[in-house]
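Visitor: Residue-level listing of the chains:
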Amino acid sequence: MKTYELQDVATPNLLEDTFPYSLPPVIKFEGKIHELIDGKIVEFDPNEVKTREIHITDTTFRDGQQARPPYKKDQMVRLYEMMSRLGGPNGVLRQSEFFLYTKNDRETIDACRALNLRYPEITGWIRANKGDFRLVKEMNLKETGMLTSSSDYHIFHKQNQTRKQAMDQYVDVVQAAWEAGIRPRCHLEDVTRADLPGFVLPFVQQLERLSEQVPDHMKVKIRLCDTMGFGISYPNAAEPRSIPKLIWRLRHECGITPDRLEWHGHNDFHKVHINGVSSWIYGLNALNTTLFGFGERTGNPPLEGAIMEYVALKGGLNGVNLPVITEMVEYYEREIGTHLASNYPFVGKDFNTTRAGIHAGGLRKFEQIYNIFDTAALLNRPPRVSITDKSGSDGVALWVNEFLGLKGDERLTVMKVSKIFRWVMDQYEKEGRMSSITDEELEEQVKAHLPEYYAKHRKN
Amino acid sequence: MDKAEIKKRVEKVIAQVLKIDPKEITPNANFAFDLGADSMQSIELIAAFEEEFNIQMDEQKAREVQTVEGAVDFIAGYLK
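First to last, the protein sequences are chains A and B. Each residue of the first sequence is one higher than the one before, starting from 50 at the first, in our numbering. Each residue of the second sequence is one higher than the one before, starting from 5 at the first, in our numbering.
The set of hints was computed from the structure by calculation and includes no laboratory data. We put the CB at the ideal spot given by N, CA and C, even for glycine. Just so you know, not all the hints are guaranteed correct.
Pairs of lysine-lysine, BS3-like flavour, derived with a Cα cap of 25 Å [claimed, not checked]:
1. Lys465(A) / Lys27(B)
2. Lys465(A) / Lys65(B)
3. Lys11(B) / Lys84(B)
4. Lys65(B) / Lys468(A)
5. Lys468(A) / Lys12(B)
6. Lys65(B) / Lys414(A)
7. Lys465(A) / Lys84(B)
8. Lys465(A) / Lys11(B)
9. Lys465(A) / Lys12(B)
10. Lys439(A) / Lys84(B)
Computed from the model, here is a short list of chain A residues facing chain B with C-beta under 7 Å [to be verified]:
11. Ser442
12. Thr462
13. Val463
14. Met464
15. Ser484
Derived CB-CB ranges, DEER-like [as the list claims (entries may be wrong)]:
16. Ser43(B) / Ile385(A): 42 to 48 Å
17. Gly74(B) / Asn367(A): 54 to 60 Å
18. Lys468(A) / Asp25(B): 41 to 47 Å
19. Lys12(B) / Ser71(A): 51 to 57 Å
Start from the sequences and build out the full structure, keeping to the hints where you can.
Guide: As structure tokens, this is what we get:
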């Protein structure tokens, strides 16, 4: 057994290579991953993701709208503009897909295009129906997604077709797309519950053969739709649920290049984010997401989570503008009226709020102890405390200092806020209160007990 | 200010904050174990000393003081 000796160091080792604080923690890999496919060991190099051109695509206005009342045109245009700023000039947020079926859908696309933004590129979404290409062409879109359901659940029980009938129809629609000068993106619906060797792989191989007749920029793209969230990223999981094996077969047995492969997940089993990121690591480039994860039933990979993971994997921003995430949630709650769970990562009201006094004490002494990264700089969201009877004097001091915007030696000690702390505790011990103290109540206490500080730092 | 004056005023503050009879306050009395100060009262005591003597004490060091005599010495250090 290897023996470890205590290293009683004079200065702390904060592991800043991995936890730089100025960025989300960096994700590092130390070796290759092995997967057993058809009895043979297949190697994946996770470090390849550092150099491969992974990116994010968006379906907030398609799948995202299937989970909620429709957005108004103005709201979509505003969100689209914010997405463009969030993803930055290098197109980390590369594409966004839109419905084309209603007048409102089409007017929205026109209004978004009028902004003249390079990214995200606007693509369409249609059913596998040749007639629907008229809509794509009228909107002058270069690419459209189309439903090509791949499991027998869909082929037999939804479409009442045989596999051959389904495949022939899909191929016809792909040919029609090319004839219309539109790049087809086949959405392999329910692929994690499909017969891979019996339908999916022969279908994709056929698409790839057909793609030989068109230039590279028109070759078929494949979206892997984990429609029911059955996908599994664990090593050596069995097919068809295995994400590593699925991607490997499409790349190595069907010849689909990473730039033409996309993952679209659902969160029915709480795996949506990690499955999406795993698909990046196992060899595809595009991760399809929705803002705040809103999507059919349990939702899709959250856009803001994917952005954060992108930065963590790449170890840099590459033009991503993270504070826009906070703008987006403020707009979402204020103008659209949908409120997110307060503990929702990166955007919820309390995502970096602590209630425990002992945590507040840590935060007050050294912010990095209980803050995941510099949320003030990266998200315009300094860490906060929510005051209850469990917050302690440290929590009250932290709240008051943040409220007054005091830094360094200016910061008030727990003694200076002791009267406010007493008032808080009396609320619970004498008044029998059961709820958190609100910010407004605390502001009144600051006015009453620290009037000179309030006058100096908050009055105007 | 001499130590006797500091001690007198420290005892007055302790009696007020902890709501105890000044006779219970002895130089070696421990704030928590002998005089019954809980963590919130300990902070209120320090705050009251700061107000009484018009000083600003180091929070960490002030919280380490445990006895009446220790408090008198600690405060005297700020009044030199």
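Visitor: All hints, please: hold or fail.
Guide: Going down the list of hints, with the structure as the test:
1. Between the alpha carbons of Lys465(A) and Lys27(B) the distance comes to roughly 29 Å, so the proposed pair goes past 25 Å and is violated.
2. Of the supplied pair hints, the one linking Lys465(A) and Lys65(B) holds, its CA atoms being roughly 15 Å apart against a limit of 25 Å.
3. Taking the CA atoms of Lys11(B) and Lys84(B), the gap is about 15 Å. The hint holds against a cut of 25 Å.
4. The hinted pair formed by Lys65(B) and Lys468(A) meets the criterion: a straight-line CA distance of about 20 Å does not exceed 25 Å.
5. For the hint linking Lys468(A) to Lys12(B), the alpha-carbon distance of about 24 Å falls within 25 Å, and the restraint holds.
6. A C-alpha spacing of about 14 Å is found between Lys65(B) and Lys414(A), which places the hinted pair at or below 25 Å, so the restraint holds.
7. With a CA separation close to 23 Å, the supplied pair Lys465(A) and Lys84(B) stays within the 25 Å bound.
8. Under the criterion of a C-alpha separation no larger than 25 Å, the hint pairing Lys465(A) with Lys11(B) is consistent with the structure, at around 23 Å.
9. Between Lys465(A) and Lys12(B) the CA atoms are separated by roughly 23 Å; this keeps the pair inside 25 Å, and the hint holds.
10. Only pairs whose Cα atoms come within 25 Å are accepted, and Lys439(A) paired with Lys84(B) is rejected, the gap being roughly 38 Å.
11. For the restraint placing Ser442(A) at the interface with chain B, the shortest Cβ-Cβ distance is roughly 5 Å, inside the 7 Å limit, so the hint holds.
12. A cut of 7 Å between beta carbons decides the hint on Thr462(A): the least distance to chain B is about 4 Å, and the hint holds.
13. Interface restraint check: Val463(A) against chain B, minimum CB-CB distance 5 Å, threshold 7 Å, status holds.
14. The closest approach between the C-beta of Met464(A) and any C-beta of chain B is roughly 4 Å, which is under the 7 Å cut-off, so the hint is satisfied.
15. The beta carbon of Ser484(A) comes no nearer than 20 Å to any beta carbon in chain B, farther than 7 Å, and the hint placing it at the interface is violated.
16. With their beta carbons about 45 Å apart, Ser43(B) and Ile385(A) fall inside the hinted range of 42 to 48 Å.
17. Separation of Gly74(B) from Asn367(A) is about 57 Å and conforms to the stated range, judged on CB atoms against 54 to 60 Å.
18. The supplied range of 41 to 47 Å is broken by Lys468(A) and Asp25(B), whose beta-carbon atoms lie about 25 Å from each other.
19. Checked against the hint of 51 to 57 Å, the pair Lys12(B) and Ser71(A) passes, with Cβ atoms roughly 53 Å apart.
The structure fails to meet hints 1, 10, 15, 18 from the earlier list, while all remaining hints are met.
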